Amino acid sequence: MTNEEIKTYITAHTPEATFDETGEWLTILVESNHLKPLAAVLRGQPMQLDFLFCLTCVDYKTHLTMVYHLTASSNRNINIVLKANVNNADPIIETVSDLWRTAEFLEREVFEMFGVDFLHHPDLRRLILEEDFNGFPLRKDFEDPINMIKL
Amino acid sequence: MELNENIAGNPPFPGIIHETPGGGIVVSTFDNVINWARSNSLWPLSFATSCCGIEMMSTASAKYDFSRFGFEVARASPRQADVIIIAGTIVNKMAPVLKRLYDQMADPKYVIAMGACAISGGPFFYNTYSVVKGADHIIPVDVYIPGCPPRPEALLHSLIALQEKIKMGMTRDQIRSEFKQ
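Top to bottom, those sequences are chains A and B.
The first sequence begins at 22 in the working numbering and counts up one residue at a time.
The second sequence begins at 52 in the working numbering and counts up one residue at a time.
Hints listed in this document are in silico derivations from the structure and should not be mistaken for laboratory results.
Just so we're clear, the structure is a prediction, and the values are computed from it rather than from any experiment.
Hints are supplied without guarantee of correctness; some may be wrong.
[To be verified] Quick list of in silico lysine-lysine cross-link-like pairs, DSS-like style, CA-CA up to 30 Å:
| # | chain 1 | residue 1 | chain 2 | residue 2 |
| --- | --- | --- | --- | --- |
| 1 | A | Lys104 | A | Lys161 |
| 2 | B | Lys184 | A | Lys171 |
| 3 | B | Lys150 | B | Lys216 |
| 4 | A | Lys161 | A | Lys171 |
| 5 | A | Lys171 | A | Lys82 |
| 6 | A | Lys161 | B | Lys160 |
| 7 | B | Lys114 | B | Lys216 |
| 8 | B | Lys144 | B | Lys114 |
| 9 | B | Lys160 | B | Lys150 |
| 10 | A | Lys171 | B | Lys114 |
| 11 | A | Lys57 | A | Lys104 |
| 12 | A | Lys161 | B | Lys144 |
| 13 | B | Lys160 | B | Lys144 |
| 14 | B | Lys144 | A | Lys82 |
| 15 | A | Lys57 | A | Lys161 |
[Said to hold, decoys possible] To give an idea of the chain A side of the interface with chain B (calculated C-beta under 7 Å), a few residues:
| # | residue |
| --- | --- |
| 16 | Gly65 |
| 17 | Asp165 |
| 18 | Ile170 |
Just so you know, even glycine gets a beta-carbon here, dropped at the ideal spot from N, CA and C.
Isolated chain A, as found in the complex (with noise of 0.2 Å):
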């Protein structure tokens, strides 16, 4: 499929969704009410892009952006980055780890840096922080006196 054959068959499902070509990879934008439907879309028949190799956040100040690289183990010269604007006072997004088995330790991993609340994760809990600890590490907005210097 050429880039305009999947924004044909996107913009067909989610008419919301827009687009951004000038990376390397087509980027999709969607809100993240439609994110878990698209990404059920994308990951069956006929794209089958069955390969989350990247979930991540992102901390714009305003508002956090997740990101998803997806591509198909079929297919690896598909690659499609699929990202959601989710505010930053209280984050939510539904899980993909049903979709992608992967995605569960890797939205640990956003649960805990960004304080992002996967909805019907299976196991959502801390990966790699103490227990004890306050607060987002990752985010733009954090704060350690105690073991920080300011820049």
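Place chain B on chain A using the hints.
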């Protein structure tokens, strides 16, 4: 004998030879002999938390081979180890584990802080929420060895420095008070 005494880092067996007809008797003290024996049989704990560990493995393997100086075998259990080489960054979550390992080691026990991370938190990671700014915040350190990571020669140097420190036969507090004067 005179030549041996001049080689730094390789002092002869402690004691003096009391000449007698048909041979000689070595006169020494128990403390000196025990320290000499201890210093030549230091078993390190196989403990490494980051890239310094790769240099430590190189030092342990055939090319550098720290067994030549008495650091025979790296032990996987703290109960069998005499020296712990802190090779790498210590994070807050690792700190209680390191403390427990140190507590589980039998006396006498020694600590070498290898590399910038173990000395002060490191050249890259010090300004974070997670890194301990020097392993000596957790356990007492005998020998500091700078570098990022230190070369195997530098680690060997620190191991020999530790041996000399043990052969001096003083406790950590005695050494500290001696250098204050």
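Tested hints:
no. : hint                 : in the structure
1   : Lys104/A to Lys161/A : holds (19 Å)
2   : Lys184/B to Lys171/A : holds (16 Å)
3   : Lys150/B to Lys216/B : holds (23 Å)
4   : Lys161/A to Lys171/A : holds (12 Å)
5   : Lys171/A to Lys82/A  : holds (17 Å)
6   : Lys161/A to Lys160/B : violated (43 Å)
7   : Lys114/B to Lys216/B : holds (26 Å)
8   : Lys144/B to Lys114/B : violated (34 Å)
9   : Lys160/B to Lys150/B : holds (13 Å)
10  : Lys171/A to Lys114/B : violated (44 Å)
11  : Lys57/A to Lys104/A  : holds (11 Å)
12  : Lys161/A to Lys144/B : holds (22 Å)
13  : Lys160/B to Lys144/B : holds (23 Å)
14  : Lys144/B to Lys82/A  : holds (28 Å)
15  : Lys57/A to Lys161/A  : holds (27 Å)
16  : Gly65                : violated (40 Å)
17  : Asp165               : holds (5 Å)
18  : Ile170               : holds (6 Å)
Hint compliance for this structure: hints 6, 8, 10 and 16 are broken, all remaining hints hold.
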